[in-house]
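2 protein chains.
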Amino acid sequence: MQMKKPAEVLLLGPGPSPVHPRILEALSRHTLGHLDPDFLAIMNQTSDLLRYVFETNNQVTFPVSGTGSAGMEAALVNILEPGDKAVIGVNGVFGQRMVDVASRCGAEVIEVEAQWGGPVEPDLLEKTLTAHPDVKLLGVVHAETSTGARQPLEPVVELARKHEALVLVDAVTSLGGLPVEVDRRDLDIVYSGNQKCLGAPPGLAPITFGDRALEKFRNRKSKVQSWYLDLSFLTRYWGEERFYHHTAPINMIYALFEALSIIKEEGLEERFARHLLHSSALVAGLKVLGVQPVVSDKYRLPSLIAVWIPENIEDSEVRSRLRKDYLIEIGGGLGPFKGRVWRIGMMGNGSRRENVERLLKALGEIFNQLGHKCSHEEALSEAGKVYQQQI
Amino acid sequence: MQMKKPAEVLLLGPGPSPVHPRILEALSRHTLGHLDPDFLAIMNQTSDLLRYVFETNNQVTFPVSGTGSAGMEAALVNILEPGDKAVIGVNGVFGQRMVDVASRCGAEVIEVEAQWGGPVEPDLLEKTLTAHPDVKLLGVVHAETSTGARQPLEPVVELARKHEALVLVDAVTSLGGLPVEVDRRDLDIVYSGNQKCLGAPPGLAPITFGDRALEKFRNRKSKVQSWYLDLSFLTRYWGEERFYHHTAPINMIYALFEALSIIKEEGLEERFARHLLHSSALVAGLKVLGVQPVVSDKYRLPSLIAVWIPENIEDSEVRSRLRKDYLIEIGGGLGPFKGRVWRIGMMGNGSRRENVERLLKALGEIFNQLGHKCSHEEALSEAGKVYQQQI
Numbered sequence: 023m024q025m026k027k028p029a030e031v032l033l034l035g036p037g038p039s040p041v042h043p044r045i046l047e048a049l050s051r052h053t054l055g056h057l058d059p060d061f062l063a064i065m066n067q068t069s070d071l072l073r074y075v076f077e078t079n080n081q082v083t084f085p086v087s088g089t090g091s092a093g094m095e096a097a098l099v100n101i102l103e104p105g106d107k108a109v110i111g112v113n114g115v116f117g118q119r120m121v122d123v124a125s126r127c128g129a130e131v132i133e134v135e136a137q138w139g140g141p142v143e144p145d146l147l148e149k150t151l152t153a154h155p156d157v158k159l160l161g162v163v164h165a166e167t168s169t170g171a172r173q174p175l176e177p178v179v180e181l182a183r184k185h186e187a188l189v190l191v192d193a194v195t196s197l198g199g200l201p202v203e204v205d206r207r208d209l210d211i212v213y214s215g216n217q218k219c220l221g222a223p224p225g226l227a228p229i230t231f232g233d234r235a236l237e238k239f240r241n242r243k244s245k246v247q248s249w250y251l252d253l254s255f256l257t258r259y260w261g262e263e264r265f266y267h268h269t270a271p272i273n274m275i276y277a278l279f280e281a282l283s284i285i286k287e288e289g290l291e292e293r294f295a296r297h298l299l300h301s302s303a304l305v306a307g308l309k310v311l312g313v314q315p316v317v318s319d320k321y322r323l324p325s326l327i328a329v330w331i332p333e334n335i336e337d338s339e340v341r342s343r344l345r346k347d348y349l350i351e352i353g354g355g356l357g358p359f360k361g362r363v364w365r366i367g368m369m370g371n372g373s374r375r376e377n378v379e380r381l382l383k384a385l386g387e388i389f390n391q392l393g394h395k396c397s398h399e400e401a402l403s404e405a406g407k408v409y410q411q412q413i
Numbered sequence: 023m024q025m026k027k028p029a030e031v032l033l034l035g036p037g038p039s040p041v042h043p044r045i046l047e048a049l050s051r052h053t054l055g056h057l058d059p060d061f062l063a064i065m066n067q068t069s070d071l072l073r074y075v076f077e078t079n080n081q082v083t084f085p086v087s088g089t090g091s092a093g094m095e096a097a098l099v100n101i102l103e104p105g106d107k108a109v110i111g112v113n114g115v116f117g118q119r120m121v122d123v124a125s126r127c128g129a130e131v132i133e134v135e136a137q138w139g140g141p142v143e144p145d146l147l148e149k150t151l152t153a154h155p156d157v158k159l160l161g162v163v164h165a166e167t168s169t170g171a172r173q174p175l176e177p178v179v180e181l182a183r184k185h186e187a188l189v190l191v192d193a194v195t196s197l198g199g200l201p202v203e204v205d206r207r208d209l210d211i212v213y214s215g216n217q218k219c220l221g222a223p224p225g226l227a228p229i230t231f232g233d234r235a236l237e238k239f240r241n242r243k244s245k246v247q248s249w250y251l252d253l254s255f256l257t258r259y260w261g262e263e264r265f266y267h268h269t270a271p272i273n274m275i276y277a278l279f280e281a282l283s284i285i286k287e288e289g290l291e292e293r294f295a296r297h298l299l300h301s302s303a304l305v306a307g308l309k310v311l312g313v314q315p316v317v318s319d320k321y322r323l324p325s326l327i328a329v330w331i332p333e334n335i336e337d338s339e340v341r342s343r344l345r346k347d348y349l350i351e352i353g354g355g356l357g358p359f360k361g362r363v364w365r366i367g368m369m370g371n372g373s374r375r376e377n378v379e380r381l382l383k384a385l386g387e388i389f390n391q392l393g394h395k396c397s398h399e400e401a402l403s404e405a406g407k408v409y410q411q412q413i
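So the sequence lines, in the order shown, correspond to chains A and B.
So the first sequence is residues 23 to 413, counted in the working numbering.
So the second sequence is residues 23 to 413, counted in the working numbering.
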């Protein structure tokens, strides 16, 4: 059986994002053994590069051998034990997922809900923490991939310190695209995924644990319910001991290494500015086409822009024309946003002017085909103004 | 930071095995979205190819998004609930691991121990099953990677049927290298890993669940403790519904597809015969060098040959010279075999005459350097006789 050669689809959905050719080349390098001295050096360097991107000195910083959701699970199963209390902010699918995963650890989970498209209000978190003493963990999603909302982290950390809870942050769609700043913000546990702003192929979940989290881990009374994700084994393999636990996904780590190197070459500040610039230009152009962002300017992610599907425009028709006629992927809505929202990723290597313009042009043409009159030239011109302001 | 180019080390350890250039090329193809129609077709074809290699018609057959150990965990967490009883055969590290993972599911685990290097005796399993009524799951390791022993499966299945238990089989080091025959042998749950006899890079764990196992799964009283490995979600993503669960490791699946295609082109029978031939030749040659296999002919795996390190020969000295001077990796022993045993993989694309000869020559030369007189020419000649018998 022969695999159909993958078409060169431009990935402007909620991830995976476009993978740089250098990363694909790294992925295809000769597979070394998982205890080969040269591979062990690559592991160390990968952790160093992850520390750079997370902006942390945390010793325990490595990629979990699974996708972003495995990172979420690794964070929760290592900290939560039956009977522990966790407060989790829910303003989208990934907050809900965190609740589900935490509940499966036997923890008592208190949800703090917020409207989809906005952040979780610190006031509500505060009330909840006050009403429930001895909360072990306060979890929030920094970048809600289902809504495109950014959660301000400072007030969350302040509350956690006051109530002596750990702060867990889902940075799947933020790491490498906007500041996460683990140490400066004093975040305790942060995980991400390869395939968003880091720009690597999906399959690894970078994670970092600070001292406060590690102390809670060491004081556990019960075994971690997941053998695969048990931090006591993982730190022995990723640490100096190099104790065999599982066979690391060698080639995926080559790819992550290369993706992180590219980020370091570009510089975090430059990369964050680039993500902001192109998403601003995109939003300016989309508005001309009659497409409004779901999230207000203040809380809108630069990496993932959720937009309302214009009235009388059919979701799947547009997305299938984009894919078929223009080789562009954008994402549909999840849950209550299904059929009402598109999710456009401007992540990693995908965050570029040519992609902004290609998408605006394609959407404009499709809208006109569907009888929704608009001008993509005007949209491009509005986007262009954003770029001009920049200069 | 630049990644050091991986040296072309010949992987003759316990895995990963040498990855065919076609597979590395597939790995580096353009990353598609995880819900792209072309990728969904690739997922379907991958499941079909897995059914061919597992020799099963099981609908629920797919790669778990993690390494082989994640496959083990997926098998156990989906079946075992707190209070369930499991009998597990332990004749090496991976049986022990199964016990650990099963215990973390809250199951009562009854171990049936056997000597390292041999199989678990059916008589002992029978006694245990009789002494413990209502055992839900009987788990064995088909190919113990820590000892090189093969577990005959027919008597295990017979006992399981008699005692109405599910049979769980770890086929990490057998699938694609020796017959697993899921349907003919009536195995209920079988998992494997990419990086052994399948010859793909590490990172995925093919798994298959039969109807009997699925019925037990559907009758669970509690939620699966792992959200990431919950079969109810996984079957919805890998099934027709295509319900989003996690972002599949796209490029790893390309690689697995290609590895399985290569297996299908070769044919299972031919592949099994090849594994047997080259391991027989290797063992014949090793004996001339004074290196004796740990496992008797009857139970020795063709894919992984554990051998006793000759007296007065230092384990790490030989392995580091092999790696440094000859660019060959072989594995050391685990647990009680540490420092006493080497583990030589003849798996997938590594199972070839040129590799047998390269290893015999290298080992012979190193032994002589270390004052252990032997003739690698004689070893090659003995190995050659095995090849001649074949013709």
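It should be emphasised that the hints constitute simulated quantities derived from the structure, not laboratory data.
Some hints could be false.
Identical copies look the same in the list; a pair holds intra-copy or inter-copy alike.
[Claimed, not checked] Each computed DSSO-like pair below joins lysine-lysine, with the alpha-carbon atoms no more than 27 Å apart:
{"hint": "1", "residue 1": "K286", "residue 2": "K26"}
{"hint": "2", "residue 1": "K309", "residue 2": "K360"}
{"hint": "3", "residue 1": "K184", "residue 2": "K360"}
{"hint": "4", "residue 1": "K320", "residue 2": "K395"}
Tested hints:
1. For the homomeric pair K286 and K26, the shortest alpha-carbon distance between copies (17 Å) is at most 27 Å, but the shortest distance inside one copy (34 Å) is not.
2. In the homo-oligomer, the alpha carbons of K309 and K360 lie at most 27 Å apart inside one protomer (21 Å), although the nearest pairing across protomers, at 66 Å, exceeds that limit.
3. In this assembly of identical chains, K184 and K360 lie within 27 Å of each other by CA distance neither inside one copy nor across copies; the values are 38 Å within and 50 Å between.
4. When the C-alpha separation of K320 and K395 is checked against a cutoff of 27 Å, the pair qualifies neither within a copy, at 30 Å, nor between copies, at 76 Å.
The structure does not agree with the numbered hints 3 and 4 stated previously, though it agrees with the rest.
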